[in-house]
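With these hints in hand, go ahead and build the complete structure from the sequences.
Protein chains: 2
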Amino acid sequence: MIAAIGFDGDDTLWHNETIFSMTQERFHDLMVRYVPEAGVDEHLVARERANLHLFGYGVKGFMLSMIETAIEVTRERIAAGDIQRIIDFGKMMLDHPVELLDGVDEVIDGLRARYPLFLITKGDLFDQESKIARSGLAEKFERIEIVSEKDEATYAQILQRAGVAPGDFMMVGNSMRSDILPVLGIGGRAVHIPYHITWEHEIAPPPAEPNAGLTVLESIRDLPAHISA
Amino acid sequence: MIAAIGFDGDDTLWHNETIFSMTQERFHDLMVRYVPEAGVDEHLVARERANLHLFGYGVKGFMLSMIETAIEVTRERIAAGDIQRIIDFGKMMLDHPVELLDGVDEVIDGLRARYPLFLITKGDLFDQESKIARSGLAEKFERIEIVSEKDEATYAQILQRAGVAPGDFMMVGNSMRSDILPVLGIGGRAVHIPYHITWEHEIAPPPAEPNAGLTVLESIRDLPAHISA
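Residue numbers (our numbering), protein chains in the order written: chain C, 1 to 229; chain Y, 1 to 229.
One thing to keep in mind: the hints can contain errors.
Identical copies go unnamed one by one, so any copy, or any two together, can satisfy a pair.
Within a straight-line C-alpha distance of at most 25 angstroms, the following computed DMTMM-like cross-link-like pairs (lysine to aspartate or glutamate) qualify [what the hints assert, rightly or not]:
(1) K91 / E42
(2) K140 / E218
(3) K140 / D102
(4) K140 / D105
(5) K140 / E37
(6) K91 / E218
(7) K140 / D88
(8) K140 / D41
By construction, these hints were calculated from the structure, which means they are not laboratory data.
See the structure below:
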């Protein structure tokens, strides 16, 4: 029995990591003009990781980490105009149109007629609310939860408030670390739909033991058939 | 009858604007070395306001607005090392100890024995969660709501989910614009406790007509007596 289905937002319902990747490429090209051999990408990943405890997830923290990386790898030679360019990259990300993944509209419309749907998304509150509003999907979800971290405690609390037993809950998402493992951990079911890019921080190995609660699908289009099966 | 009491966080339960002010002074002193006559403070306020639709509220957006202001007022002459200094100012803000206002601990402890207490705070999700955790107050509130904007719709939705009629709700806060007017607007009661500094964006005139639901107190210490009266 399924009492509710939860969906991740970024890279499950709408494209996100492609926009980060595009920005990171632009940042890389800008930095390479200063320091051809500096390992800019690795430096940025390390900087983001070091800042995570202060900034959390989201575009604004990413912008600040790009600026710090630029200052560090150029040894303070970066021009102020190029720092403004980095800020403008970030502003473009925040303003970027929300593009739904293929099939999302139809699948959500079909499933919401039969199940309560929850949107459970992680990151910057303001940016996520803006994306949800622009996605056109907001009113299709019975509950929308924007959280700062997706761990077992987070899911347990959401389900408790919703009055849904973990065993009757199914979570659908692209991140093994945030959408799949914690839900399996509290006894729920999970459907992993990998996106073609995964942010390094979200990569995690699948469960070591085979888990009957876990399904991997190629596309959200395959979800209704899986649920009916 | 009071069915629940809501409290704002920043500058109602703990000091916040003092930390922003301190940072803004440091920023001012840094900028004055480049441009003695540039009206840095006004420029920063205007920049923050222009960025609000993209950044929302919070320290990370403030950091980015300081950096943009620095680039603009120096006409791109600011040194990268000084931009790092601005980022470090912001990191200090994010890491700053949470200092409760005088009387908060006792008043909250007294009231929670008699009423369900809600913490309703605005801003960056990650930063607010971190402050709530560090405040030591988290477990004293029946509900904690971190929202991106405090308007009538926000309060109406929170109260509906909590099953509290607006007429039975009392909100306590320092911001006329965010804590008082919207709550009065939906028929609730509000207690305004001004803080000694108010961010320009939060300033709003009090209601034009006398409002029986509005009380102004000097300190949170006066709240229990007001409620019992």
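### Query
Can you give the numbers of the hints that this structure goes against, from lowest to highest?
5, 6, 7, 8
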